[in-house]
Amino acid sequence: MTMMHTITITLDAQSASLQRLLGVIRRRGFDVLRLDISRTCTDGEFQGRLRLRGTRSIESLIRHITNIEEVQQVALIPAASIQAA
Amino acid sequence: MNGAKLLIRCLEAEGVDTIFGYPGGAIMPVYDALLDSTIRHILCRHEQGCGFAAQGVARSTGRVGVCMATSGPGATNLITPLADAHIDSVPIVAITGQVPSSLIGTDAFQEADILGMTLPVVKMSWIVESADDIPTIVRDAFRIAQEGRPGPVLIDFPKNVGQATTDKEPIPPPARVDRPPAPDESDVARARELIAQAKRPVVYAGGGVVLADAIEEFRTFVDRGQFPVVHTLKGLGGVLPDNEGFLGMLGMHGLKAANLAVQESDLLICVGARFDDRATGKLDAFAPNAAVIHLDVDPAELGKLRRATVGVAGDIRPALTALTMTPDIEPWRRHCRELAETHAWCPPPSEQDHIDAPSLLRRLSERASEDTIFACDVGQHQMWVAQHVALNNPRKHLTSGGLGSMGFGLSAAMGAAFANPGTPVVCVTGDGSLMMNIQELATVRRYNIPVRILLFDNTALGMVRQWQELFFDNRESEVDLSDNPDFAQVAEAFGIPAVSIDRADQMELAIDHIVSDTGPVLVHVKIPRGDNVWPLVPPLAPNDRMLDGATS
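Line order of the protein sequences matches chains A and B. The numbering used here puts the first residue of the first sequence at 1, with every later residue one more than the last. The numbering used here puts the first residue of the second sequence at 1001, with every later residue one more than the last.
Think of the hints as simulated: they come from the structure by calculation, not from any bench. Every residue, glycine too, gets a C-beta built ideally from N, C-alpha and C. Treat the hints with care, as some may be off.
As the list claims (entries may be wrong) - Facing chain B, from chain A, some residues (calculated, C-beta under 10 angstroms):
no.	residue
1	Gly23
2	Glu59
3	Asn67
4	Ile68
5	Glu70
Isolated chain A, as found in the complex (with noise of 0.2 angstroms):
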C-alpha cells in the first residue's frame, strides 16, 4: 500500500551529500514529493524535511539513510504529529 511520510534531517554540507541522499530515497522505492531544505548560517550542515511516497517500509528507508556518511539526524515525524501542525 502507498504511504507518506515526513522525515527532517540534518546532514554535513559536503560536495554531494544532497545527492547521495536523494540516490538513496529514489534507489530504496520513494519518491520525493516535497524538499524543504537549506543550508545552515554557518554554511555547514543542510537542514530541513522532506515528504516522501512508497510502498516500501520507512523504518527500513530510514536505516539506510542513516548509513549515509554525512548524514548527522534523521527522524520521522508521526503521522499524529503532521495533522497536529
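Go by the hints and put chain B onto chain A.
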C-alpha cells in the same frame, strides 16, 4: 611539498604498500610523486583490472586495497570494480585524477563527473578542493572504508590540487580500527530463548562473518551448538568443510541438503548474510516455518527483505559468544546428516572420456595445499568451485558474489598473489570471463605473478546457455564462443606457459601444473559444451523445487 607528494605520504602513513593503477594526464602529478615513494605501483593494463586487483588484496587480507586511475575514461573504467566492492562490502580506496578545478564543468578533455557517477556504489566520496584538505580526506577515506560494514570510497583529485603547495602533514592512523557497537543485551537474551526453544534450527551464514573477523567465535558457536550450517557463496569457509553439520551452499545452485534443511527449519540463525535473492529463491516461500534471528553489523539489513523475529544489530563477534549454547536437537541433526548422505554428489561414470569439471575441481581440492587461494570468475565454473572445492576460510575464496562481474577472477588473483607472497593462488575462470580482462596476462607476465589459471572452456557463455536451454526452450541467443582463440597460444604469446587438455586421463597432469609449477601457468581445459550446473532452483521458485540432471 606539493599536494601530490602529500597524497602519497598520506598513503604511506596508512601503511599502503601496493597501488594498482594506470597513469594519464590528470593524475600525472601523483605519478611523479610516486617515483620518490616506497609504495610499489603495479601497472595493470586496464583500470578495471586495477580495481579488481585491489579487491584481491582486500578480500584476501581484510586490508584496504588501493587503485588509481586518471580522469575521464580511466575513472569510468573503475566503476564496475567499485560497484562490485560495494555490493560485496570490500574496503577499497579509489583515487581518480580530475581535470583542474577551474575546468570542472566545462566539458574539458577527459573530464567526467566520476563523483556523481559513483554516488550509488561508494560509501563516501570526495572532490579534493584544497591541498590542505588531503590529510583529513585520506584519513577519513581509510577509516570509512574499514569501519562498520566495509566498502569502497573514492577520492577525486584535481590536477591543480596535486600541484599546489601545502605545509600540511599526514594524519597517522590509529593503532586499530574501532569495533562496531556491541549488540543490545535484551536482543541477545531473546535470541537465546529462541535457540533454546527451537527443534530444527539451521545456521545460515554469509560473508559478514569474516568481515567481522569473527571466524573463531563463529566456529565455536557452531561446534558447541552442533547446528546444521549452510553458507552463502561469500560465507563458504566459515565452518571447515569437514564439519559434521555443514550442509554446503544454499540457494539457486546450492546443495539439495542445504536447501531442504533450510526449508524444513523452525529457526533460521542468520549470521552476516542478507537474504539475497540467489540464496532465498522465492522470498515468501523461503524457510516458510522458521522464526529468524538475524545478526548483522548493518542495522539496515535487519528486516530489509525478511522480517527478523529477533534482530541483533552490531558487532557479531560478542553476539556469537553470547549466543553460544548447546540446544537439545539430536533428532534434527541426525535428519540433516541423512539429508547430506542422501543427496551427496555422485561422480560421473568412470569410463567417460571427456573432462567433468566438478571431478577435476574435487581432485584439485584434494591435492592443493590448505592455504591455496581460489579466485573465481563468474559463471558455471564459479558455481562448480562453490559446490566442489573444500574451502577452509572465506578469505581463501575470492568471488564476485553480489554483482557477478565477469572479468573479476584473473585480476583478483593477481592482487591476492601480491598481498600473500608464497601462498598458492589459483584463478578458476571460463572462456567468457577470461576474455573480459585477458589483457591482464601482460601484467602477470611483467611481474611474474605466480597465478595458476585454470580455464574451463566450453566454447559458450555456459550459464546463459544453460538458462536458455532450460527456461527459453533451448533457443540459444548469442552464447556461442566456438570461435574462441587458442587460449594456450594466447597465453604463450604473452609469455606465460600453457597446457591444453581435453581428456579425463589428462586431469592429473593438469593438476600437476597447478599445484607444482612455481610461476604463472595457464591450464586450458576443454569441457563439453552442454554440461550444466546442478542442482538448480528455477528463478522465483521455492528452494525445495530444485532441478537436477535427471529431473530437468
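Query - Unmet hints by their number, sorted upward, for this structure - result: As far as the earlier hints go, not one is violated by this structure.
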